Amino acid sequence: METRELEEDRVLLRLNLGPQHPSTHGVFRAIVTLEGETIVDLEPVVGYLHRNHEKIYEHLQYPMIVPFTDRLDYLSAINNELGYVLAVEGALGIEVPERARVLRVLFSEFQRILYYQLFFGTLAMDLGATTPFLLAFRDRERGYDLMERVTGARLLYNYLRIGGLRNDVPDGWLRDLEAYLDYFEREAWPQYMDLLLRNEIFLLRTKEVGVLPSDLALAYGASGPVLRGSGIPRDLRKDDPYSGYENFQFEIPVGERGDSYDRCVVRLYEMLESIRIIRQALSRLPDGPVMGQLPRGLLKLPPGEYYQRVEAPSGELAYYLVSDGGPAPYRAKIRSPSFVHLQLMPHLCRGHKLADVIVILSSIFPVFGEVDR
Amino acid sequence: MVRVPRVDSRSGLRGAWRAVKSILVGHGITFREFLKEPITIRYPEEPVPYPPGVRGIPSLKVNMETGELNCTACGLCARSCPVGIITVEPMVGPDGKRMQYPAVYRLEFHRCLVCNLCVEACPFDSLEMADMVELSQYHPEALVFERDQLAEIWKRSRAVRIAGGQKI
Amino acid sequence: MQAALPPWLWNLIVAVVKPTLILAFIGLNALLLIWGERKVAARIQRRRGPEVVGGPWGVLQGIADGVKLFAKEDVMPARADRWVWSLAPSVVFVPAAMVFLVLPFGALGPSGPVLVMRDLENAVLYLMAVASFTALGIWMAGWGSNSKYSLLGAMRAISMLISYEVPLVLAVLGVVLAAGSLSVVDIVRAQESRWFIIPQFLGFLVFYAATLAELNRTPFDLVLGESEIVVGYATEYSGIRWSMFFFAEYGALVASSLVAANLFLGGWHGPFYPGVHWVLIKTYALVFLAIWIRWTLPRFRIDQVMDFGWKVLLPLSLLNLTATGAWMAVKA
Numbered sequence: 000m001e002t003r004e005l006e007e008d009r010v011l012l013r014l015n016l017g018p019q020h021p022s023t024h025g026v027f028r029a030i031v032t033l034e035g036e037t038i039v040d041l042e043p044v045v046g047y048l049h050r051n052h053e054k055i056y057e058h059l060q061y062p063m064i065v066p067f068t069d070r071l072d073y074l075s076a077i078n079n080e081l082g083y084v085l086a087v088e089g090a091l092g093i094e095v096p097e098r099a100r101v102l103r104v105l106f107s108e109f110q111r112i113l114y115y116q117l118f119f120g121t122l123a124m125d126l127g128a129t130t131p132f133l134l135a136f137r138d139r140e141r142g143y144d145l146m147e148r149v150t151g152a153r154l155l156y157n158y159l160r161i162g163g164l165r166n167d168v169p170d171g172w173l174r175d176l177e178a179y180l181d182y183f184e185r186e187a188w189p190q191y192m193d194l195l196l197r198n199e200i201f202l203l204r205t206k207e208v209g210v211l212p213s214d215l216a217l218a219y220g221a222s223g224p225v226l227r228g229s230g231i232p233r234d235l236r237k238d239d240p241y242s243g244y245e246n247f248q249f250e251i252p253v254g255e256r257g258d259s260y261d262r263c264v265v266r267l268y269e270m271l272e273s274i275r276i277i278r279q280a281l282s283r284l285p286d287g288p289v290m291g292q293l294p295r296g297l298l299k300l301p302p303g304e305y306y307q308r309v310e311a312p313s314g315e316l317a318y319y320l321v322s323d324g325g326p327a328p329y330r331a332k333i334r335s336p337s338f339v340h341l342q343l344m345p346h347l348c349r350g351h352k353l354a355d356v357i358v359i360l361s362s363i364f365p366v367f368g369e370v371d372r
Numbered sequence: 000m001v002r003v004p005r006v007d008s009r010s011g012l013r014g015a016w017r018a019v020k021s022i023l024v025g026h027g028i029t030f031r032e033f034l035k036e037p038i039t040i041r042y043p044e045e046p047v048p049y050p051p052g053v054r055g056i057p058s059l060k061v062n063m064e065t066g067e068l069n070c071t072a073c074g075l076c077a078r079s080c081p082v083g084i085i086t087v088e089p090m091v092g093p094d095g096k097r098m099q100y101p102a103v104y105r106l107e108f109h110r111c112l113v114c115n116l117c118v119e120a121c122p123f124d125s126l127e128m129a130d131m132v133e134l135s136q137y138h139p140e141a142l143v144f145e146r147d148q149l150a151e152i153w154k155r156s157r158a159v160r161i162a163g164g165q166k167i
Numbered sequence: 000m001q002a003a004l005p006p007w008l009w010n011l012i013v014a015v016v017k018p019t020l021i022l023a024f025i026g027l028n029a030l031l032l033i034w035g036e037r038k039v040a041a042r043i044q045r046r047r048g049p050e051v052v053g054g055p056w057g058v059l060q061g062i063a064d065g066v067k068l069f070a071k072e073d074v075m076p077a078r079a080d081r082w083v084w085s086l087a088p089s090v091v092f093v094p095a096a097m098v099f100l101v102l103p104f105g106a107l108g109p110s111g112p113v114l115v116m117r118d119l120e121n122a123v124l125y126l127m128a129v130a131s132f133t134a135l136g137i138w139m140a141g142w143g144s145n146s147k148y149s150l151l152g153a154m155r156a157i158s159m160l161i162s163y164e165v166p167l168v169l170a171v172l173g174v175v176l177a178a179g180s181l182s183v184v185d186i187v188r189a190q191e192s193r194w195f196i197i198p199q200f201l202g203f204l205v206f207y208a209a210t211l212a213e214l215n216r217t218p219f220d221l222v223l224g225e226s227e228i229v230v231g232y233a234t235e236y237s238g239i240r241w242s243m244f245f246f247a248e249y250g251a252l253v254a255s256s257l258v259a260a261n262l263f264l265g266g267w268h269g270p271f272y273p274g275v276h277w278v279l280i281k282t283y284a285l286v287f288l289a290i291w292i293r294w295t296l297p298r299f300r301i302d303q304v305m306d307f308g309w310k311v312l313l314p315l316s317l318l319n320l321t322a323t324g325a326w327m328a329v330k331a
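Residue numbers (numbering that gives the first Met the number 0), protein chains in the order written: chain A, 0 to 372; chain B, 0 to 167; chain C, 0 to 331.
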């Protein structure tokens, strides 16, 4: 019997999953090496959305940086602002009033829900079902309307300030928020689960696809739902609480196998936990001012290094500020979770079919504003 | 910590039944959505309801009695703008002294972040975010607004807000 | 009138009129479905769909799309295999049209003449044979384009199409056994008391699933979906040639629904008064079902499609056939 030397007869095809592609979540390029239908290697190429955030921050005074931080993970802007604002407040020792702290938690969690709605929509669209995308936007538009009433903008808010918030919520807004949450929990979330996540075809496409073992996840610095999908119960809101999160009761959904399915389902269940947190915030919202006392004059951080991390919906987002005593940071570095997660792509995709790359990328859900900064 | 329920795709008859049921349930959802009203707005025939306080373009407030701007050309807005799109030049009086009124107030809107920092920085309550968001133009030069244009925009926005029943 | 004209003239007239009718029917259906699919999809997604062309309902959207496509430049890839590439759309389109030859649209009265182009004795055999040609056309498109994406897409399409023909034929065989004839008209006549969907429910499910696969519709549309960028085998086509693929798809959709309506849903039989209207209602109900399914389900991966075809549909269709045969043997 004749045996063929596989190495000599290998036919490898290099394919470019270009930066413009309907299923790659923004501008992502992957150079894929295929053998038949199976992926042998995947090389991610990023930088197509690089807008120079870190350099620009060096030329901006501290309060002026907040609208820029919005544009990192643009799908959940408040979380980005929160990380930065907490870093500066920590450095200057500014006391934030309690009402502002609770409202910050409320808005962070609300943005988390909106982010995961979009995640759900794009996940479905990548798998070929376009309807859930529009259902997700049906709900996300209502979220936009609510945010517009408070901040004046739909997506990029510039709402948090060093020391508190820009303005308090208008009358009746909290009631409308509660109505929206009721609607979402009762009607929309079960729709999401039934239409996609319990669908047999979805299960076939995502189970055992892109299995991320927990030790690999930790080794690569994964965080957020990517890490929790692999079974590790790590959540900064519990492990390193900020802005009063220690006063809230909530669970951390954790996956079992670490495949794409787990990463997706973890995010869906986190939506429910976020709703829980918002309801608690609504019930214990104290009265008071929403802006604290700031030092007079131009804000200057004492010379030194400052680091603050938050649990953004995409993972552990951190800001590292180096100050030389001036009104602008000497150096600002943003630790972006999506960038770190993209390193996992080659490992996760090896051995799978080309169609799985889209599913795996979708389950990791990098946001390219954050990846490229 | 809570383990998420992992839908078990069991094999055999029970698995097949669960699979079929999941597909049928999904169809039920789409059918019910099919019967519901569309939620889209026929823009531009139907107007989009903007809430009060929507961030449009920074505009210069006009004192409705005197017809003059509140602006004193202090330049704080220009200095607080993260992208530096505001240019303010004060008027110079006949005696050569700097007056508290802008001669030039230029806003290069095509680079505006609509971040609202200029409005907040102004100590004279002379800037306000107009309710106008439909500002598209064919050339970026057409998006550079001068002092009087910004005042006009403010007046129009105010009229719209009054007509819409908003308290001014 | 037939008596008045010499036979050769009559045959000539018939030979021109019949295909024209088929093409007109397909054309009208394509226009209707372009609008209809988008409208139904929009309503499922809480949107409105086309509303601009042709009044507030946008019914002439198909014409607008057609005009746009016809006005486009016909680009042929430089190193394409010229004849193969050019003929591919026709080879895909013609079988869809040929199917209409044997499909009855109704009967004038309970035992009156049947509205059918040609009541072939072995119509079912003809249908199955003609339907397989589409796969050839798709292969020609993929090969002729001389592009690796088109080729990959075409190869996947072929493997899927050929695999799903087996359960398709077996499902139809169940109906043929139950009716005792290969003629579609006889099959419809045999459903006077009870539509075949009831005893042949399993067969209907298999038939419908296999049909969706043959039509490259979701959940089996991996051939034109997210797969390897762009549209697979049809990547290098634009303008009129592209619209031929479209016409073929919609024509085949209507044809398959018509086949299903006749084989499983009783054709022109119905309460109150049998007739053409029942055939049309059933056909378009099945078309709606196909659209509904398309906008609900995500798509399969190619290996899952093959699994489903060979490991699920084929055994089910064999089971159906065996059960039908056993039943017929017991009854006889």
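It is worth saying that the hints were derived from the structure and are not from the lab.
Treat each hint with caution, since some may be false.
No more than 25 angstroms apart at the CA atoms, straight line, and that leaves these computed lysine to any residue pairs for SDA-like [unchecked claim]:
#1 Lys20/B - Tyr207/C
#2 Lys352/A - Met305/C
#3 Lys154/B - Tyr100/B
#4 Lys352/A - Lys147/C
#5 Lys35/B - Leu145/A
#6 Lys54/A - His109/B
#7 Lys20/B - Val26/A
#8 Lys35/B - Lys206/A
#9 Lys310/C - Leu201/C
#10 Lys38/C - His26/B
#11 Lys35/B - Met305/C
#12 Lys17/C - Leu124/C
#13 Lys206/A - Ala15/B
#14 Lys35/B - Leu288/C
#15 Lys206/A - Pro43/B
#16 Lys20/B - Lys54/A
#17 Lys54/A - Glu107/B
#18 Lys38/C - Pro43/B
#19 Lys38/C - Val26/A
#20 Lys17/C - Glu248/C
#21 Lys352/A - Val311/C
#22 Lys35/B - Glu36/C
#23 Lys206/A - Ala150/B
#24 Lys20/B - Lys147/C
#25 Lys147/C - Asp175/A
#26 Lys147/C - Gly350/A
#27 Lys35/B - Val26/A
#28 Lys310/C - Val24/B
#29 Lys35/B - Arg141/A
#30 Lys35/B - Leu196/A
#31 Lys35/B - Lys147/C
#32 Lys206/A - Arg5/B
#33 Lys352/A - Met154/C
#34 Lys147/C - Glu248/C
Quick caveat: nothing in here was measured; it's all calculated off a predicted structure.
Hints, one by one, checked against the model:
no. : hint                : in the structure
1   : Lys20/B - Tyr207/C  : 17 angstroms, holds
2   : Lys352/A - Met305/C : 14 angstroms, holds
3   : Lys154/B - Tyr100/B : 19 angstroms, holds
4   : Lys352/A - Lys147/C : 17 angstroms, holds
5   : Lys35/B - Leu145/A  : 23 angstroms, holds
6   : Lys54/A - His109/B  : 22 angstroms, holds
7   : Lys20/B - Val26/A   : 38 angstroms, violated
8   : Lys35/B - Lys206/A  : 33 angstroms, violated
9   : Lys310/C - Leu201/C : 15 angstroms, holds
10  : Lys38/C - His26/B   : 17 angstroms, holds
11  : Lys35/B - Met305/C  : 37 angstroms, violated
12  : Lys17/C - Leu124/C  : 21 angstroms, holds
13  : Lys206/A - Ala15/B  : 17 angstroms, holds
14  : Lys35/B - Leu288/C  : 18 angstroms, holds
15  : Lys206/A - Pro43/B  : 44 angstroms, violated
16  : Lys20/B - Lys54/A   : 54 angstroms, violated
17  : Lys54/A - Glu107/B  : 22 angstroms, holds
18  : Lys38/C - Pro43/B   : 20 angstroms, holds
19  : Lys38/C - Val26/A   : 31 angstroms, violated
20  : Lys17/C - Glu248/C  : 21 angstroms, holds
21  : Lys352/A - Val311/C : 22 angstroms, holds
22  : Lys35/B - Glu36/C   : 17 angstroms, holds
23  : Lys206/A - Ala150/B : 60 angstroms, violated
24  : Lys20/B - Lys147/C  : 39 angstroms, violated
25  : Lys147/C - Asp175/A : 54 angstroms, violated
26  : Lys147/C - Gly350/A : 21 angstroms, holds
27  : Lys35/B - Val26/A   : 35 angstroms, violated
28  : Lys310/C - Val24/B  : 24 angstroms, holds
29  : Lys35/B - Arg141/A  : 17 angstroms, holds
30  : Lys35/B - Leu196/A  : 23 angstroms, holds
31  : Lys35/B - Lys147/C  : 44 angstroms, violated
32  : Lys206/A - Arg5/B   : 10 angstroms, holds
33  : Lys352/A - Met154/C : 16 angstroms, holds
34  : Lys147/C - Glu248/C : 23 angstroms, holds
Violated hints for the displayed structure, listed by number in ascending order: 7, 8, 11, 15, 16, 19, 23, 24, 25, 27, 31.
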